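Since the structure of chain X is already known, use the hints to place chain Y on it.
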Amino acid sequence: MFSETLHWLRTKCSRLFRRGKAEAALDAELQFHLDQLIAQFREEGVTEREARLGAQREFGNTGVYREEIRDTWRPPRLADLWRALRFAVSSLSRSPGFALLAIVTLALGIGGNTMMFSAFTSIIQKPLPYPGQEALERFYRATPQDESGNFSPADFRDLQRAAANYGEVAAYALSDCSLSEPGQPAEMVSGIRCTANLFKVLGVPSQLGRNFLPKEDLSGNDRVMIISERCWQKRFGGKDDIIGRTLRVDGEPHEIVGVLPASFNDWRHLGWVDFFRPLGFDKDKVADRRDTILRVIGRRSASLSRAQADAFVANFGARLAKDFPEVNAGSSWRADSLASTTHGRSAGAMLKMCIGLSAFVLLIACSNLANFLLARTITRSRELAVRSALGASRGQLLQPLIAEALLLALAGAALAILVAQWGAAWISYRSIGENGERVTLIFNWSVFAWAVGASLVTAIAFGLAPALFALRLNVNEALKSGARGMTGGRGHQRFRKFLIVGQFALAMVLLAGAAVFIRGLDELNHRRDGWQSEHLITGTIVLPAATYPDDERVTAFHRLMLERLQALPEVASASVSLFTPSFNWPDIRKYVVQGRALPPPGHEPTAAVNTVSSRYFETAGTRILAGRSFDERDTATSPKVIIISQNTARGLFGNESALGKRLAQPGSAPLEWAEIVGIAADVKSILPEAPPVSFQIYEPMAQHPIRYNEILVRTVNSAPVSAVENIRNIITALDPDLPVRHLQSADSAIARTNYQTAILRDILTLFAVLGLGLASIGIYGVIARAMAQRTNEFAIRFALGARARDVSGLVLASGVKLALLGSVIGLFGAMASCACSPPETRGCSSTAHRLCLPRRFSWSGSRSSLAGFLLGALVGSIRLTLCARNKTSATA
Amino acid sequence: MDKVRNELLQGTLDLLILRTLAGAALHGWDLAKRIAVVSNDRLSLKQGSLYPALHRLEDRGWIEAEWGISDAGRNAKFYRLTRKGRRELQAEKAHWLSFATAVQNVLEME
Numbered sequence: 001m002f003s004e005t006l007h008w009l010r011t012k013c014s015r016l017f018r019r020g021k022a023e024a025a026l027d028a029e030l031q032f033h034l035d036q037l038i039a040q041f042r043e044e045g046v047t048e049r050e051a052r053l054g055a056q057r058e059f060g061n062t063g064v065y066r067e068e069i070r071d072t073w074r075p076p077r078l079a080d081l082w083r084a085l086r087f088a089v090s091s092l093s094r095s096p097g098f099a100l101l102a103i104v105t106l107a108l109g110i111g112g113n114t115m116m117f118s119a120f121t122s123i124i125q126k127p128l129p130y131p132g133q134e135a136l137e138r139f140y141r142a143t144p145q146d147e148s149g150n151f152s153p154a155d156f157r158d159l160q161r162a163a164a165n166y167g168e169v170a171a172y173a174l175s176d177c178s179l180s181e182p183g184q185p186a187e188m189v190s191g192i193r194c195t196a197n198l199f200k201v202l203g204v205p206s207q208l209g210r211n212f213l214p215k216e217d218l219s220g221n222d223r224v225m226i227i228s229e230r231c232w233q234k235r236f237g238g239k240d241d242i243i244g245r246t247l248r249v250d251g252e253p254h255e256i257v258g259v260l261p262a263s264f265n266d267w268r269h270l271g272w273v274d275f276f277r278p279l280g281f282d283k284d285k286v287a288d289r290r291d292t293i294l295r296v297i298g299r300r301s302a303s304l305s306r307a308q309a310d311a312f313v314a315n316f317g318a319r320l321a322k323d324f325p326e327v328n329a330g331s332s333w334r335a336d337s338l339a340s341t342t343h344g345r346s347a348g349a350m351l352k353m354c355i356g357l358s359a360f361v362l363l364i365a366c367s368n369l370a371n372f373l374l375a376r377t378i379t380r381s382r383e384l385a386v387r388s389a390l391g392a393s394r395g396q397l398l399q400p401l402i403a404e405a406l407l408l409a410l411a412g413a414a415l416a417i418l419v420a421q422w423g424a425a426w427i428s429y430r431s432i433g434e435n436g437e438r439v440t441l442i443f444n445w446s447v448f449a450w451a452v453g454a455s456l457v458t459a460i461a462f463g464l465a466p467a468l469f470a471l472r473l474n475v476n477e478a479l480k481s482g483a484r485g486m487t488g489g490r491g492h493q494r495f496r497k498f499l500i501v502g503q504f505a506l507a508m509v510l511l512a513g514a515a516v517f518i519r520g521l522d523e524l525n526h527r528r529d530g531w532q533s534e535h536l537i538t539g540t541i542v543l544p545a546a547t548y549p550d551d552e553r554v555t556a557f558h559r560l561m562l563e564r565l566q567a568l569p570e571v572a573s574a575s576v577s578l579f580t581p582s583f584n585w586p587d588i589r590k591y592v593v594q595g596r597a598l599p600p601p602g603h604e605p606t607a608a609v610n611t612v613s614s615r616y617f618e619t620a621g622t623r624i625l626a627g628r629s630f631d632e633r634d635t636a637t638s639p640k641v642i643i644i645s646q647n648t649a650r651g652l653f654g655n656e657s658a659l660g661k662r663l664a665q666p667g668s669a670p671l672e673w674a675e676i677v678g679i680a681a682d683v684k685s686i687l688p689e690a691p692p693v694s695f696q697i698y699e700p701m702a703q704h705p706i707r708y709n710e711i712l713v714r715t716v717n718s719a720p721v722s723a724v725e726n727i728r729n730i731i732t733a734l735d736p737d738l739p740v741r742h743l744q745s746a747d748s749a750i751a752r753t754n755y756q757t758a759i760l761r762d763i764l765t766l767f768a769v770l771g772l773g774l775a776s777i778g779i780y781g782v783i784a785r786a787m788a789q790r791t792n793e794f795a796i797r798f799a800l801g802a803r804a805r806d807v808s809g810l811v812l813a814s815g816v817k818l819a820l821l822g823s824v825i826g827l828f829g830a831m832a833s834c835a836c837s838p839p840e841t842r843g844c845s846s847t848a849h850r851l852c853l854p855r856r857f858s859w860s861g862s863r864s865s866l867a868g869f870l871l872g873a874l875v876g877s878i879r880l881t882l883c884a885r886n887k888t889s890a891t892a
Numbered sequence: 001m002d003k004v005r006n007e008l009l010q011g012t013l014d015l016l017i018l019r020t021l022a023g024a025a026l027h028g029w030d031l032a033k034r035i036a037v038v039s040n041d042r043l044s045l046k047q048g049s050l051y052p053a054l055h056r057l058e059d060r061g062w063i064e065a066e067w068g069i070s071d072a073g074r075n076a077k078f079y080r081l082t083r084k085g086r087r088e089l090q091a092e093k094a095h096w097l098s099f100a101t102a103v104q105n106v107l108e109m110e
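Protein sequence lines correspond, in order, to chains X and Y.
First residue of the first sequence? That's 1 in my numbering, and the numbers climb one at a time after it.
First residue of the second sequence? That's 1 in my numbering, and the numbers climb one at a time after it.
Hints are computed from structural coordinates only; laboratory data are not their basis.
In this text the structure is predicted, and so the values were computed from the model without any measurement.
Taking lysine to any residue and the SDA-like style, the derived pairs with C-alpha atoms no more than 25 Å apart in a straight line are:
1. Y/K46 / X/D27
2. X/K661 / X/E675
3. Y/K33 / X/T47
4. Y/K33 / X/V64
5. Y/K46 / X/G54
6. Y/K46 / X/E48
7. Y/K84 / X/T72
8. Y/K84 / X/L26
9. Y/K46 / X/L53
10. X/K21 / Y/A25
11. Y/K46 / X/A28
12. Y/K46 / X/G63
13. X/K21 / Y/I69
14. Y/K33 / X/E48
Extracted from the complex, chain X is given alone in its bound form (with noise of 0.2 Å):
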């Protein structure tokens, strides 16, 4: 039995492979019969010609029979799909135009959804590219002011003490630095310093060179320095003896001891990090308690679950909490696996509604199809029932139209995967950075596998509904009708227009919710609260501790610099502070106010602090409401002196005046206070997350200089491209060895942070344009054919002296109602979805962006149905002045 079985198999698949072979033997075995029937008929003493007539007739048709054993050789199935396929590609080539807008509506539709498929898989699916990244995971240190806070040097030197219970842990910092190759301006790239053990509990050993030793951990050891293997690729050509090269990084020597593997270029956990350094923390740094700059990961041991784990972390905060309440009170621990907190997890609400949105163009391109689709089955109608009557079955009948879905699918989706491809090539452009860096989208098996499923749904989806009717048809009414033309009956226009009004209620939905979302994103990327980024130029500079080793020698830099800016003539005020007003500021202290009694430690008020120079107000373009800027005044030996936003004074002070009134900052003793002199503005940073907190408060730099400066650039009209170089060559006559980065305007500096949401920003606008393009297409496609169908009724009304107004409103009004119909449903949609999305997808999480959702939605909805019926009206009016023509010179 299973010799047979396994026979059976060997035959068909060797015919399947050796065709060719398979039809000589057919020939051999077909020419054996014939030659016997000849030698037989010649043994009965005909002449050669008679024998072998005789022959062929007693054997019939030789064509015939060898069609029908080839038939026998394919699963007989696939064969007449084949027929049925070659049928349909003449079918359809017979009206390429069809074809044509088919296959492309399809692919946008198929295209865009597979992109954002790709997105989701490159982003959020594939696996960080650490073995075992299931044990990973990320500490977290959460405050009453940060649920996300980071560690102190301490704190992590007692965890790491602790953590032989837990696993490995390892902590790094974001640390940018300034590199400077002999004959080359220097230049700030982004860093990270990190404990030695980091690529350990990573998994991620170097591939060229080492890692980091245990000792490089010690101050004094650590200069040297382990790169990105996209570093060395576009900064070093990929060279091999890279290993022991020498580097100047903030002005000292460093030895590259190590080369980093391709597989770690993922952006999604560090960034664009191309240079890694040991944290190198001297001693008094190490048994700092207050500065929380460490960011921790740790791999768990194999023996410990996840909840031991959760437990180990938990307890081990509680207990720091209590051993050090000055700083670490109302602290408390938490462990997340690290999958879960890289960026790309961030985007991945986002990318959610993208695929949603995107399913919604398909939608509408499915059902513009099953339109097309089933107006072309009913002007077949009459053929359909003539193979009826002759005794097609149910099959027979199905097969062209189920032939022509799928093959309309098929070229859909190939094209789609193209459309695909360009789309994420659009997007990895997009995000090209100053490095080169870049995101790049997967295009992997599965993605394929999506884009193939996809077209294969759309086929069912769309090919359904021709064959409903195709099934259903009336043999009889089909054949009596089919001399006055078909029409489709009653069932099949309602039907249709179903299909117009579902098709303009998605468009809406997708409309409505892309104008909100992309109008969100818009007040986001152009909120300037509290300042103004017109005519502003920033840029970043880090003074290397190596040049200016003390505050003096920073203000004295400070100085200079801002003197020599001034005193260009198109700058009209120039500063240096820690921070830009665009972005949040993440230096959060805590405050007590003088004269009043201490809370409880963990519970003082806190405020993000920026420290700025002296004309950073006017320079920003933040107001100052009371009291005075900082100036000349305010030095390093006068007395100490702060500036609060106007949230701040009310809510340290209420209706009293703030001016006067003296601050300090816990935890040092004695409290160092400082004097009130100035109320300014609230700024909000242009980010759609909230800070954590609403207090601002601004510091000196004279009073407490900083090696970390934002530059902020007022000039006194548009920026001309040359101030940038002009500031540029400023610094570098000062200091050759200082890279400024990112020196540019403030608007394209907010931008180059805000691509992600730039990208998403068009990707809705094209969804947009898509979903409304489709749904007029199907509006045009179903006026067109009520013009086709009622052209005699038509001429009767203007033979019988009706004006084209008349007839033209006529034809408008059915397309109207449609249009009018589906733009209600759909916005009632729209605003059930956007009520239902994830706050952070709207990407605004306040209140006030939420109460006036709805106001914009009628806004938005009223517009673009308004759009939706100027196409629907212009078309239908061109198709019948139009038809009307013809059939006055029919009639005439």
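Below, chain Y without anything else, positioned relative to chain X:
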């Protein structure tokens, strides 16, 4: 009996082939001759029409084929009944006989 009127009933050809092959492995030519002899040449059958049927039966796994040497010393394709084919033959034969008996009973009623 008139040869022309003896068109084969649909499905009968398969049964004839299976039955004829039950005795021995045959090639198409022998098969055609055997059927003609056994039926006293009374079945009108284009000999070529055997081949689609043979290939169809082979496709269903009821018979299997093997190239061999014919009596005349030429290469020929020999068909043989498979076990599955044998079972099928039993079933079809029973079915046919009961059908034929039923028809006969009706025709010969008083």
